[in-house]
Amino acid sequence: MTHLKLTNISKEYSGTTVVQDFNLDVEQGEFVSFLGPSGCGKTTTLRMVAGFETPTSGTITINGQDITNIAPNQRNVGMIFQAYALFPNMTVAQNIGFGMQIHKEPKAAIKERVNEMLALINLEKHAGKYPFQLSGGQQQRVALARALANHPQVLLLDEPLSALDAKIRVQLRSEIRAIQKKMGITAIFVTHDQEEALSISDRIVVMYEGKMEQVGTPFEVYNFPQTAFVANFVGTLNSASAEVLDPAKGLITMDGVQLVTVEDMKNRKKGDAVKFSVRPERFSFASEQKKDNILDCTIENITFLGAVVRIQVKIGNTKFNMDTFNNPFLELPKIGDKDQVTCSKEAVLVLNH
Amino acid sequence: MTTVNAVKRDAPQARPALPKFSWAWLGLMPFFIFAFLFLLYPASVIGVRSFQDTKTHAFTFKYIVELLQTPYLLGSYWISIKISLITALGGGLFGFLLAYSAIRGGLPRFMRSSFMTFCGVASNFAGVPLAFAFIALLSPPGELTKLLIALGYNPYFHGFTLYTFWGLSMVYMYFQFPLMVLIIAPAIDGLRREWLEAAENLGASSFQYWRYVAFPILFPAILGAMILLFGNAFGAYATAQALTGGSINLVTIVIGSQVSGDVLGDPGLGYALALGMVVVMAFAIVARTLLQRRTERWLR
Amino acid sequence: MKRGGQAWAWFWMIVGILYFFLPLVATFLFSLRARLGVLSFDAYQTVFNDPNFIYNFSYSVFWALLTIIVGILIFVPTAYLIRLRLPQFRAPVEFITLLPFVIPAIVYVFSLVRTFSKPPLLIVDSPVLLIAAYAVLSMPYMYSAIDTGLRAIDVRTLTEAAQSLGAGWGTILFRIILPNIRVAILSGSFLTFAIVIGELILADYLVKPAFAPYMAYLMQQKAYEPAAMAVMSFALTWACLGIIQFVGRGSDQTQIAGGH
Chain D
2 MTHLKLTNIS
12 KEYSGTTVVQ
22 DFNLDVEQGE
32 FVSFLGPSGC
42 GKTTTLRMVA
52 GFETPTSGTI
62 TINGQDITNI
72 APNQRNVGMI
82 FQAYALFPNM
92 TVAQNIGFGM
102 QIHKEPKAAI
112 KERVNEMLAL
122 INLEKHAGKY
132 PFQLSGGQQQ
142 RVALARALAN
152 HPQVLLLDEP
162 LSALDAKIRV
172 QLRSEIRAIQ
182 KKMGITAIFV
192 THDQEEALSI
202 SDRIVVMYEG
212 KMEQVGTPFE
222 VYNFPQTAFV
232 ANFVGTLNSA
242 SAEVLDPAKG
252 LITMDGVQLV
262 TVEDMKNRKK
272 GDAVKFSVRP
282 ERFSFASEQK
292 KDNILDCTIE
302 NITFLGAVVR
312 IQVKIGNTKF
322 NMDTFNNPFL
332 ELPKIGDKDQ
342 VTCSKEAVLV
352 LNH
Chain G
18 MTTVNAVKRD
28 APQARPALPK
38 FSWAWLGLMP
48 FFIFAFLFLL
58 YPASVIGVRS
68 FQDTKTHAFT
78 FKYIVELLQT
88 PYLLGSYWIS
98 IKISLITALG
108 GGLFGFLLAY
118 SAIRGGLPRF
128 MRSSFMTFCG
138 VASNFAGVPL
148 AFAFIALLSP
158 PGELTKLLIA
168 LGYNPYFHGF
178 TLYTFWGLSM
188 VYMYFQFPLM
198 VLIIAPAIDG
208 LRREWLEAAE
218 NLGASSFQYW
228 RYVAFPILFP
238 AILGAMILLF
248 GNAFGAYATA
258 QALTGGSINL
268 VTIVIGSQVS
278 GDVLGDPGLG
288 YALALGMVVV
298 MAFAIVARTL
308 LQRRTERWLR
Chain H
-10 MKRGGQAWAW
0 FWMIVGILYF
10 FLPLVATFLF
20 SLRARLGVLS
30 FDAYQTVFND
40 PNFIYNFSYS
50 VFWALLTIIV
60 GILIFVPTAY
70 LIRLRLPQFR
80 APVEFITLLP
90 FVIPAIVYVF
100 SLVRTFSKPP
110 LLIVDSPVLL
120 IAAYAVLSMP
130 YMYSAIDTGL
140 RAIDVRTLTE
150 AAQSLGAGWG
160 TILFRIILPN
170 IRVAILSGSF
180 LTFAIVIGEL
190 ILADYLVKPA
200 FAPYMAYLMQ
210 QKAYEPAAMA
220 VMSFALTWAC
230 LGIIQFVGRG
240 SDQTQIAGGH
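Residue numbers (our numbering), protein chains in the order written: chain D, 2 to 354; chain G, 18 to 317; chain H, -10 to 249.
These are calculated hints, taken from the structure and not from any lab test.
All C-beta atoms in this analysis are idealised placements derived from N, C-alpha and C, irrespective of residue type, glycine included.
Be a bit skeptical, because a hint or two may be false.
[To be verified] To list a few chain G residues with every Cβ distance to chain D over 12 Å, as calculated:
{"id": "1", "residue": "G64"}
{"id": "2", "residue": "L85"}
{"id": "3", "residue": "Y94"}
{"id": "4", "residue": "L164"}
{"id": "5", "residue": "N218"}
{"id": "6", "residue": "V230"}
[As the list claims (entries may be wrong)] The calculated lysine-lysine pairs, modelled on DSS-like cross-linking and capped at a C-alpha distance of 25 Å, are:
{"id": "7", "chain 1": "D", "residue 1": "K346", "chain 2": "D", "residue 2": "K315"}
{"id": "8", "chain 1": "H", "residue 1": "K107", "chain 2": "G", "residue 2": "K72"}
{"id": "9", "chain 1": "D", "residue 1": "K250", "chain 2": "D", "residue 2": "K271"}
{"id": "10", "chain 1": "D", "residue 1": "K276", "chain 2": "D", "residue 2": "K346"}
{"id": "11", "chain 1": "G", "residue 1": "K163", "chain 2": "H", "residue 2": "K211"}
{"id": "12", "chain 1": "D", "residue 1": "K126", "chain 2": "D", "residue 2": "K108"}
Sequences and hints are given; from them, build the entire structure.
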């Protein structure tokens, strides 16, 4: 059942369109990420759900109720800000209980709920502390508890981890996901970090310049990107230019080297210029296993990244990155060696723009 | 001191300490000689001679005692404190409303910066020119008085005079409002928009936001600013002198007349009076500094 | 404050603007009434042709310039040394620079007159005392402006780079540090200028020619000329602060004028 529905949402600021034709159906309990670079409109869309911006056109409904024009303090959605936004003049307990205090709940109920929330975020001992006495990660957990204490219908998170250290970020994002699952609450998570989005979302909406580029599960978005932007933004990618050789057989040629792809090239004719991409981890050495494409290459560079070894090879006149898992017993080629790499048809992605 | 954000900082911890050359101390000598000769020494003279019998040079409390027992002198402190309190509270309140309107009131952008510049000018526009401006406005032949009379209402028939305590208060407000605006502006800037949004998000109305979040956060800053306004009015001299010719009995006016000649009968009393003023001001500055620490903790 | 709050914002601003502008407008109008029945700039003409005015005003400008120079000569090396070598002196020096706020001007003049009227420090009649006193009064603003300017440039690195190229201390101070805090110094100078021009008490009691005491004196005798002088004084202060804002735009070296 659709819990949160955005229909034809657009937002314009003095002539500039910031969000265009945004359509999304979110199920109850689903965790959806809005992923994209700065300025793509993801935060603006989130803020429209929260009520801090009004859509120029379109509607937002929660549970069938149209909330597009309802004031932000009447929507009962919980928002978590990048800068925590804890009230500095209140203790942790007071911050968490603030929403209920506003709604004039009885003191006993507030106290019980606050304790419940403190247990959920593992900060029982810090109930009487003030925000400036807490670390960034702790403050963000209190912000989460404050939003959840108020029994919101939807949880909105605006890049909540961007201000935190790398290690805390990884730890906190799984915590957030665990709490969200436990409470079964619908959540929208805005981020520019693709690893974050991939690791904790049920679905991802990739956005660029105000438009939705692709919606799908992390698996779909990573392995089957539908546009060049999505392919580039999510994960690393090799890109190069080529010419269509035979559209029926899926052959393209680059610098005299032929590649076969499984992409549909019905609308193209021989000689068309195309751009294609291959993920670095889809390449492997032909000596191990031969796949559809076998390509001659020269070893240009070898970079040891820990778990992954990145080998730069030159195919034709273009350099490509190939990632293989680190194996201490594998003999790596030397720089300057001539070798052969291989990849499947499906790995060669020919994309629109 | 309110100053604009710095960009780069020295990083003394990142490098080894430079050896201390003795000439560096010498480099500070001009400043210390200057400060000692023209500030510290004269200031200490006040302190010392308040407790020193003018004729015998013996240590005595008699001037302090006499000050506390002379109604005329105590009264002057009372009047000074009264006008400072009133203009600090009134100026603080109105200045705060002005500052908040200019910064967060949704007004056009250019209004904020031109308003701030104007406040910078207006807070310096004290003393003789200011007194005269109000004379030009509201004295019996003043422009506004004439306008009101033409409209049928003569304020002077209803008991209004410019050259009284309340007239002076009105004039003081002219530099108190802008001073408040300048001091409180950074604090209002420090009110993060997210706090308002978080409060709204949790269901709070405008009034509830103010009551539970904004006002408690701003309170130390506002109080500290009002204390500064108090000090500012307390020490003002030129405006009162120019407006009323010394007829209103402020401490500053009494000290002023003491400078021209010994109107109190014993110079020692004058010193005690001056010392009293410094004590009041010192209290104000210390209170303000303590409040500022609290402000900075929340509004960083 | 949204929606309905915006109406209140406009309301308070309009009230504020009225309060600020009415006295100014009144003064200006008043200054135009020198000739009976007609609005004219006669009062201004009289003022500008008054040799006493020129005398007093020029002296005020002169005192201001000297004060600024003295301020730069004393405060720049001091702030520089503290930042570079002697951070332990920061607290006492800053305390001293803030003392003029604690000691009201009238009390300060009182102490000056008493201290320097008797030998061996009998300099109460000397302009040296006046300049020094003006420097003390403007010290919080001048020192703070210079310090803010120094804070915005990496003093240590600049000095070390200059030293490694062979520069001596004079060169460093005057050809490297000073030009880089130009904006801050200008800001402090204009504030000092505004303060000295508007200052009444010192010049009055130390019996020196100056703008404000002359205006106070005129107020006893004439009606329209002081109005003209008040307008000029206000315009001058506005010009000073406007220049500070203009020169300092986009720079991290300016401070808010007049703030404590």
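Hint numbers the structure violates, sorted upward?
5, 6
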